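Student: Okay, here's what each chain looks like letter by letter:
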Amino acid sequence: MIKKILIYLGIFVGFFPIFDHPARAASTPSIRDDTPTAINLPIPQRPHERSYLGLSGTGHFNISQIKAPVVIVEVFSMYCPHCQKNAPEVNKLYRIIEDNPYVKDKIKLIGIGAGNSSYEVEVFRKKYDIPFPLFADKDYSVHKALGEVRTPYFMGIKNNKDGTYRVFYSKVGGVEKADEFLEMMLKLSGL
Amino acid sequence: MSGKKETRIILVIAFTLFSFISTAYGLSGVYKENIYQVGDLKPRDSVPKLKVGDPVPDFTLPAVSGGKVSLSSYRGKKHVVISFVPAAWTPICSDQWPGYNIIKDIFDRNDAVLIGITVDNIPTLYAWTIQMGELWFPVLSDFWPHGEVADRYGVLRSDGVAERALFITDKKGVIRYIDVHDINKRPDLEVLIQELEKINHAYPR
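From first to last, the protein sequence lines are chains A and B. Counted from 1, the first sequence has number 181 at position 181 by the working numbering; the numbering is strictly sequential. In the working numbering, each number is its position in the second sequence, counted from 1, plus 1000.
Since the hints were derived computationally from the structure, they do not count as laboratory data. All figures in this text were calculated on a predicted structure; none of them were measured in a lab. Keep in mind that the hints are not guaranteed to be accurate.
[Said to hold, decoys possible] Chain B stretches covered by chain A per the calculated footprint, using a threshold of three residues with CB under 8 Å from any CB of chain A:
id, segment
1, 1094-1100
2, 1128-1135
3, 1183-1192
No residue lacks a Cβ here, since even glycine has one placed at the ideal position from N, Cα and C.
Generate coordinates for the entire structure from the input sequences, incorporating the hints supplied.
Tutor: This is how it looks when you write it as structure tokens:
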């Protein structure tokens, strides 16, 4: 009898992917642990952005090289109405991090413009007066590495002292309330 | 154990598993699933009828916001960027105009306005564009006679939707720029703005 149940159960569980909807996977995309090192971005030209991220020189860097225990990455698009609407709240998130002496140097925020040229990223930056570093991803290569997530999307990465890191947050959707979002980041990262 | 009881146990387990799935599925419902995936289409499927230097054909079409808009009403006042997009509720079209929606200042600086046109009817356009937030430019419906304006501009595809096309006409009503773009790709904003700036700078004051 138990064997029979297990067989039925096996058949049922086997059908799971059919019922699973791609949107479900897209809303909380599972990110491979090596994703942060696979995302290569140009070292910013603006000196204050370089110093914010603790980077120097020219060339490229990957997210795990940012000198901070926690990095929050937003994937946005200047063409995405939700990202536009959410931009002021994401700016607020940056400000409350910077205004809090406890977390100021521990959490860094960057944005990656999926399918956006540098020109389009600049348009977005100017329109919403975005204070944190933004990067263009014109050919969608970063977007593809992240599993073609919908925008806005947020990823949280914890850089450990021993050089390892872990993705502690990966979710489609904006920042509803900056203070609550920060609190969640602190909790999930264990900072 | 009777067969009946066995079936009942299986049903209970199945139900439990199903409720788990529907909860997870429900979470994703926060993100609207309204965009229809069209797949990869033939990049261009129409025969050009206009070229740079031609007088722009006039049109009068109903606007989503009510009333009608005539292209000729901008004559002598503004350069006009006309943006045809293929159809409401499709992937690239659904973000192209929201992008233009945050650059009114660039249009203003270049003494230009934007007009958006699709071959969809007004109720469809209303439901679709309301998702984009408040648009500063008119969205016009070329639904009936179906695609008549798109056809006159040489951008009506064989399946009845418009190309993803951009026309810039100057204040005199002369076509200065045409980009009948690959329907599968979003036109680069920088190219459009550079062309608009060029046209505005060259225009006699």
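Student: Hint by hint, note whether the structure agrees.
Tutor: Quick rundown of the hints versus the structure:
Chain A is given as covering the segment 1094-1100 of chain B, and this holds because 4 residues of the stretch bring a CB closer than 8 Å to a CB of that chain, at least three being needed. Look at the segment 1128-1135 of chain B against chain A: 3 of its residues bring a Cβ nearer than 8 Å to a Cβ of that chain, three or more, so the hint holds. Proximity of the segment 1183-1192 of chain B to chain A, defined as three or more residues with a beta carbon under 8 Å from a beta carbon of that chain, is established by the 4 residues found.
Violated hints for the displayed structure: none, as all numbered hints are satisfied.
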